Amino acid sequence: MGVELLGDAVVTTRLDDAVNWARESSLWPFVFGTACCAIEFMSTAASKHDISRFGAEVVRFSPRQADLLIVAGTISYKQAPILKQIYDQMPYPKWVISMGACACSGGFYDNYTTLQGIDEIIPVDVYVAGCPPRPESVLDALLMIQKELKKESLSAESKKDFIGRLDNA
Amino acid sequence: MLKVLQKAYPKAEYIQQSNTLVLDEKDIFDAVQLSFDNAGDFLLDITIIDYLDYILSQPSRFALVYIIRHKNFKETILLKSFLSEPKCLSVSSIYKAADWLERECYDQYGIVFENHPNLSRILNHWQFDGHPLRKDYPITKGQLCTDAVDLMPAMNARLAEKGIVTQDEEGSYSEPNLDLMFINIGPSHPATHGTIRNFCAMDGETVIANVSEIGYLHRGFEKSCENHTYNQIIPYTDRLDYCSATTNNVAFAKTVEEMLGVELPERAITVRILVMELSRIINHLVCLAAQLVDMGGLTNYWYLYNPRESAYNFFSKLTGARLTNSYMRIGGMSYDLYDGYEEDLKQIMKEIEEGVSIALSLTEHNRIFQDRTQNVCSVSARDAINRGLSGPNLRASGVSYDMRTANPYYYYDQLDFDVAVGSVGDIYDRIMVRFEEITQSLRIMKQVLGNIPDGPICVDNPAIILPDKKDVYGSIEGTMNQFKLVYEGVQVPAMEYYSSIEATNGELGFFIVSNGTGYPHKVKVRAPSFLAMSAYTSMVEGSMLADAILNLGSINIIAGEMDR
Numbered sequence: 002m003g004v005e006l007l008g009d010a011v012v013t014t015r016l017d018d019a020v021n022w023a024r025e026s027s028l029w030p031f032v033f034g035t036a037c038c039a040i041e042f043m044s045t046a047a048s049k050h051d052i053s054r055f056g057a058e059v060v061r062f063s064p065r066q067a068d069l070l071i072v073a074g075t076i077s078y079k080q081a082p083i084l085k086q087i088y089d090q091m092p093y094p095k096w097v098i099s100m101g102a103c104a105c106s107g108g109f110y111d112n113y114t115t116l117q118g119i120d121e122i123i124p125v126d127v128y129v130a131g132c133p134p135r136p137e138s139v140l141d142a143l144l145m146i147q148k149e150l151k152k153e154s155l156s157a158e159s160k161k162d163f164i165g166r167l168d169n170a
Numbered sequence: 391m392l393k394v395l396q397k398a399y400p401k402a403e404y405i406q407q408s409n410t411l412v413l414d415e416k417d418i419f420d421a422v423q424l425s426f427d428n429a430g431d432f433l434l435d436i437t438i439i440d441y442l443d444y445i446l447s448q449p450s451r452f453a454l455v456y457i458i459r460h461k462n463f464k465e466t467i468l469l470k471s472f473l474s475e476p477k478c479l480s481v482s483s484i485y486k487a488a489d490w491l492e493r494e495c496y497d498q499y500g501i502v503f504e505n506h507p508n509l510s511r512i513l514n515h516w517q518f519d520g521h522p523l524r525k526d527y528p529i530t531k532g533q534l535c536t537d538a539v540d541l542m543p544a545m546n547a548r549l550a551e552k553g554i555v556t557q558d559e560e561g562s563y564s565e566p567n568l569d570l571m572f573i574n575i576g577p578s579h580p581a582t583h584g585t586i587r588n589f590c591a592m593d594g595e596t597v598i599a600n601v602s603e604i605g606y607l608h609r610g611f612e613k614s615c616e617n618h619t620y621n622q623i624i625p626y627t628d629r630l631d632y633c634s635a636t637t638n639n640v641a642f643a644k645t646v647e648e649m650l651g652v653e654l655p656e657r658a659i660t661v662r663i664l665v666m667e668l669s670r671i672i673n674h675l676v677c678l679a680a681q682l683v684d685m686g687g688l689t690n691y692w693y694l695y696n697p698r699e700s701a702y703n704f705f706s707k708l709t710g711a712r713l714t715n716s717y718m719r720i721g722g723m724s725y726d727l728y729d730g731y732e733e734d735l736k737q738i739m740k741e742i743e744e745g746v747s748i749a750l751s752l753t754e755h756n757r758i759f760q761d762r763t764q765n766v767c768s769v770s771a772r773d774a775i776n777r778g779l780s781g782p783n784l785r786a787s788g789v790s791y792d793m794r795t796a797n798p799y800y801y802y803d804q805l806d807f808d809v810a811v812g813s814v815g816d817i818y819d820r821i822m823v824r825f826e827e828i829t830q831s832l833r834i835m836k837q838v839l840g841n842i843p844d845g846p847i848c849v850d851n852p853a854i855i856l857p858d859k860k861d862v863y864g865s866i867e868g869t870m871n872q873f874k875l876v877y878e879g880v881q882v883p884a885m886e887y888y889s890s891i892e893a894t895n896g897e898l899g900f901f902i903v904s905n906g907t908g909y910p911h912k913v914k915v916r917a918p919s920f921l922a923m924s925a926y927t928s929m930v931e932g933s934m935l936a937d938a939i940l941n942l943g944s945i946n947i948i949a950g951e952m953d954r
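If you read the protein sequences in the order shown, they are chains A and B.
If you want the numbering used here, it's the position in the first sequence, counting the first as 1, plus 1.
If you want the numbering used here, it's the position in the second sequence, counting the first as 1, plus 390.
Among these hints, one or two may not hold up.
Computed, partial: chain A to chain B, Cβ under 8 Å [unchecked claim]:
hint, residue
1, THR35
2, SER44
3, THR75
4, PRO82
5, ILE87
6, TYR113
7, THR115
8, VAL125
9, TYR128
10, GLY165
11, LEU167
Everything labelled a hint here was simulated from the structure, so no lab data went into it.
Please read these numbers as outputs of a predicted model, since none were measured by experiment.
The beta carbon of each residue, even a glycine, is placed where N, CA and C say it ideally should be.
Start from the sequences, fold in the hints, and give me the full structure.
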C-alpha cells in the first residue's frame, strides 16, 4: 500500500530515525512478573486495555528475544541475581519499566528481604507509581518508552556505563 | 482429642482461652504421635514463638507450637512446649506436611529439628546470615545475594532415596544409574505463574525426581506485622493472596475481632460474605484462565478474564482499588455499599455465568482436555490430608472438608450451597472443583443479595473504630479518640490465638501472639499455597514434564501467600 502511495518518490531520512520508527511500535516485552503487579499486567494484556494497540503484545519469555523488560512485582534479595542475569541476557538496545511501588523503591516492604528498588541492580527508564498501578499507567509508561527510544542511535549504545550493586559482587 | 492427650499427660497445663495444651519438652514428640494415632490427622501449622522482650515472663525464650485438627475437622488444638535449647525432634516422619514447615522454623528462628531429612533454608537465600524472625534481628538489615543456590546436593539426596544414586561413606554421591538430564523450570518461566524454581531430573520426558525452591517472593510479612498496628497490617494481608485480597482481610480481621471478643453487626457480616464469595470467584477465574492457557486453550483466557475485569470495576467503586482492596478494618469495614451496587453485581454475575458456561463448553467434553488432565498427577485422600492440602485441592481428592460447612462461621450455616468434591484428585478434578465452586459461590451471592439487613457496618466501640469526622473536628473527645487509635492502634489483650476461614485456596489461618498493646508480638499465617507447593514434588514425580507444568497451575500457587 505504502509503495503505491509513494509511487516513484524517494523519502530521505536519517538511518537512526528510520530504525527507531520501526522499533517504536514493535517493542517485545519480557514481563518479569513476580507478584500482584503481574496480575495487573494480565489486565493490561487482556481485551479491555489491550496492549497490542501499542504494538507491544508479543510477550516473550526468553530474554534473548525481548527488548523491553517490565519488572512487575517485588524483587527480593534472593531474586536480585536472577533479575540481573535476565537483564544481561537481553540484547541492546533495551529498556526497562519498573512497575509498581515495590520494584521502584521496595514499597512498604522496608525490611530484611526486599531490595529497596531495582535501580540498585539494573538501570531503569520509566518508573510507574501505584500498588499495583492501573493498566492505564502501564500503557502510559509504554508510550514514554516509545518517546524515549527515539533518542537511541546506532552509533552509540546507551546505559552501558551503569554499575549496580551486583556488578562488582 | 483433648481428653486423650490430657489422660496421657495429666500434668500438662491446659489454657482454655486459646485451646492450648502446654507439654513438657520431652513429651511433645510423643504427644504429636499420640494425637496422630488417636484422632488428629491434619497438621495445620508448626511455628515458633520468640518470647524475647515479651510482656509476660516465660519459662524460656523459645516455644514450639503445633496446630493440629481432629479428623472430624471440627476440633482444633494447639500443642505447645517451651524449648530449653533451640532444638527439638522433627515430626516429619509422622506428618509429611511438617517437612517444609520445620524448614521454615529453622530458617526464620534457627531452631534445629533433629532427624529432619533436609534441614536447610527455605524462604531466605543461602547466603543469608542469622534468623530474621528472632526478636533481636533488626527488621531493615538486608543481605545481598549474589548467586542462585546449587540444588544438586538436594537432588542427589532425593535420587538416593529412590535408589538411583548411592552415597559412599564420605558422603559423596555416585553417578546416577539412569541417563538423566537435569533441567530448571523457573525461577523465571511463564508456566511457574510467579517465581518458583523446580529442578527436575529427567529420563526422557519423564520427571524422575524434583526439588522445588521457593522464597523468591518472601517479603517479610510476618516481621513487618510485628512493627505495625493491627489496622496497618490489613494492607499487608491484601498482598498475601493478591487474587482475592478481601478474603485475606476478613481472615485477619476476624481473628483479631475474636481476640477482642467483639461481635460484628449483621450488615457487616453479610457484606463480608458477599465480597468474600465474589473474591473467591475472581480468584478461581484467574486460576482457570491461566491454567487453560498453559494447556494451549488461549480462547478461554478471554472468556474467563473479562468478567474479572467487571468485578474490578465493582471493587473500584466499593473500595477505591481494583486489586489490593484493604476493605476490612478491625471491627468492620471502611465503606458501606454504594447506591446501585445491586444492579452492578447482578450484571457481573451474569457475565461470570456466561464466561464460565462458554469456557466449560470448550473444555468439559473436549477430548484433548480430558486426555491431558484425567488421572494425571493424582493425589489420594489420605496423602492429601497428611501433606496438609486444603481447599479445592483437598476436595478434589474426595475429602468433603470445607470450613464453611465443617465449622461454620458467620452465616454460612444458614446459606444453601453444595461443597464441590472430586473423586481421584487428578488435575481434572482440581479444575472441575474450581468451576463448580464458582457456580456455588454465585448461588450464595444470590441468596445474600436480596437479604442484606440495614444497620451499621462497624461495631459501636470507640476503642476499636475511628470516630465520625464531625466528632474529630468538633469535639476534644473525638480528636483524642482519633489520635489514640491512629497512633497506638487497637489494644488487643495478651493472648495466643489461632483462627481461620475457608479462603479461596484452602484454610487460611492466622496465629497471633498479642501483648496487650496495639502491635502484635507475632503473626503467623497458615498459608494453604505453602503446603500445596510442598506436596508438588510427590505429585509430579513419575509423570511427564508437560504434566508437571499443568499440575503447577492446577494447585493454584499464589506466590505472595506461599512465600509471604
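Checklist entry - Does TYR113(A) pass the interface hint, meaning its C-beta sits closer than 8 Å to a C-beta of chain B? => result With a closest approach of 5 Å, the TYR113(A) hint holds.
Next on the checklist: Take the shortest C-beta to C-beta distance between THR75(A) and chain B; is it under 8 Å?
Outcome noted: 5 Å, holds
Next on the checklist: Holds or violated: the hint that TYR128(A) contacts chain B, with Cβ atoms closer than 8 Å.
Outcome noted: 19 Å, violated
Next on the checklist: Next item in the hint list is GLY165(A). Is there a CB on chain B closer than 8 Å to its CB?
Outcome noted: It is violated, given that the least Cβ distance between GLY165(A) and chain B is near 11 Å, above 8 Å.
Item to check | Interface hint status, ILE87(A) versus chain B (Cβ within 8 Å) | outcome: 6 Å, holds
Checklist entry - With 8 Å as the cut and Cβ atoms as the points, is LEU167(A) at the interface with chain B? => result 6 Å, holds
Next on the checklist: Quick check on the hint: THR35(A) CB to chain B CB, less than 8 Å?
Outcome noted: 5 Å, holds
Checklist entry - Taking the least C-beta to C-beta distance, is VAL125(A) closer than 8 Å to chain B? => result 18 Å, violated
Checklist entry - Under the criterion of a CB-CB separation shorter than 8 Å, is SER44(A) in contact with chain B as hinted? => result OK, holds: SER44(A) within 8 Å of chain B, min 6 Å.
Next on the checklist: Would the hint on THR115(A) be counted as holding, given a Cβ-Cβ threshold of 8 Å to chain B?
Outcome noted: Check passed: Cβ of THR115(A) comes within 6 Å of chain B, closer than 8 Å.
Item to check | When the least beta-carbon distance from PRO82(A) to chain B is tested against 8 Å, hint result | outcome: For PRO82(A), the interface hint holds, since the closest Cβ of chain B sits about 6 Å away, which is under 8 Å.
Comparing the model with each earlier hint shows violations of hints 8, 9, 10; every other hint is respected.
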